[in-house]
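*Asks:* Protein chains in written order, with our numbering: chain A, 376 to 603; chain B, 376 to 603.
Hints are supplied without guarantee of correctness; some may be wrong.
Here's a subset of chain A near chain B, in silico, CB distances under 8 Å, partners left out [what the hints assert, rightly or not]: (1) 433; (2) 435; (3) 511; (4) 528.
In case anyone wonders, no lab produced these hints; they're calculated from the structure. Quick reminder that beta carbons are idealized off the backbone N, C-alpha and C, glycines included.
2 protein chains.
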Amino acid sequence: MKGTLYGVGVGPGDPELMTLKAVRMIRENEIIAVPGADVKETVAYKIAVQAVPELEEKELLPIYMPMTHDAKELEENHAKGAKALEACLDQGKNVVFLTLGDPCVYSTFSYLQHRVEADGYHTELVSGITSFCAAAARLNISLSEWNEQLHIVPAVHRLDSELTESGNYILMKSGKKMNQVKEILAKSGRDVLMVENCGMPEEHIYHGVEEIPDDAGYYSLIIAKEHK
Amino acid sequence: MKGTLYGVGVGPGDPELMTLKAVRMIRENEIIAVPGADVKETVAYKIAVQAVPELEEKELLPIYMPMTHDAKELEENHAKGAKALEACLDQGKNVVFLTLGDPCVYSTFSYLQHRVEADGYHTELVSGITSFCAAAARLNISLSEWNEQLHIVPAVHRLDSELTESGNYILMKSGKKMNQVKEILAKSGRDVLMVENCGMPEEHIYHGVEEIPDDAGYYSLIIAKEHK
């Protein structure tokens, strides 16, 4: 019988934000895959090993998933990653793939899951705390109340227009477009907060558009709320 | 010194989806508040006690928060709830308030937090797994990939127009408007799935608009994805 591939969220950074289920999944399975060429240097591994020290003794499988917009390179790496996972599943072993935040929200795991499913394997998902929930908790604010809508936008790909919808916005992946994102935010008249590296040692909070640097890091999350 | 009020998410239903931090917060504090008149009958209590059995021995504080659209009734109950919490905080005790899902996403805790903060007390939030992440994991699908936007709409209050934005939609709180919600969903041409009572014993999954009953329960979550 073939093994099952589990996509397991480890949350945004603070190991205490891992779920009981994520901890159990790691404990109960022997092969743990992580997105990155050097397992022990990946963010997902570093989070999980703090909550589950026995992770060090597991069979660790690096799945290299570079962040690139080159469709051919992405395709090749996803195919290669899926093959490595399937080689384990073919031996009847389960694989626990650790992924930052939640595996259903902008997770690279989705691409591997589509391929592995298409190849006839069984997959399952275990939820994790999303970066936007963790950032809101860190800021001690709500993301949405009562009748407010909440819009989550992957800014690097999509923020080509103003924030015209009613409700609050979460802008993820602003990175390389931060200049443009800041212009749109400034025009929006919204209350803007940003958390960089939420829950990690290098965490930094920015209040207002003017504080946000143009060269903010990859793990930067912006909350833009309607002014009340 | 006054105590701190902690808003702690217990996730959507499955006790294993509680975080390590939520478990620790309950263990380390004596007073646990829950939204409901009869503590041991509340959903939040029933979830948490399965993961943390010692919750039974804690001082349990019921905070009655009825679901009503009557502004005066809401106002009165929030004021009364805040006062009950503050009476504990004034004794220098911390209070852990258990809330379903995440305390930053459509949580009744937000109203209490605003009041208690305004009265000069310190509050903190502990993230929980949201119902929409849990529902997506249960369905084994992603909510958003790559450049897709994700729109979260409290349908009972806001679904007065068609689903015209690009990206995927999550409709929460459709309850009493399910008839109208179904009409809008049918017109949208999107792939529709609904999970009722996700992670609970009465869980039910509906595939497509036609399967969704008009009288679906309060804990019903709809995912409407762009057709690919």
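*Asks:* Report the numbers of all earlier hints that the structure fails to satisfy, in ascending order.
*Replies:* 1 and 2
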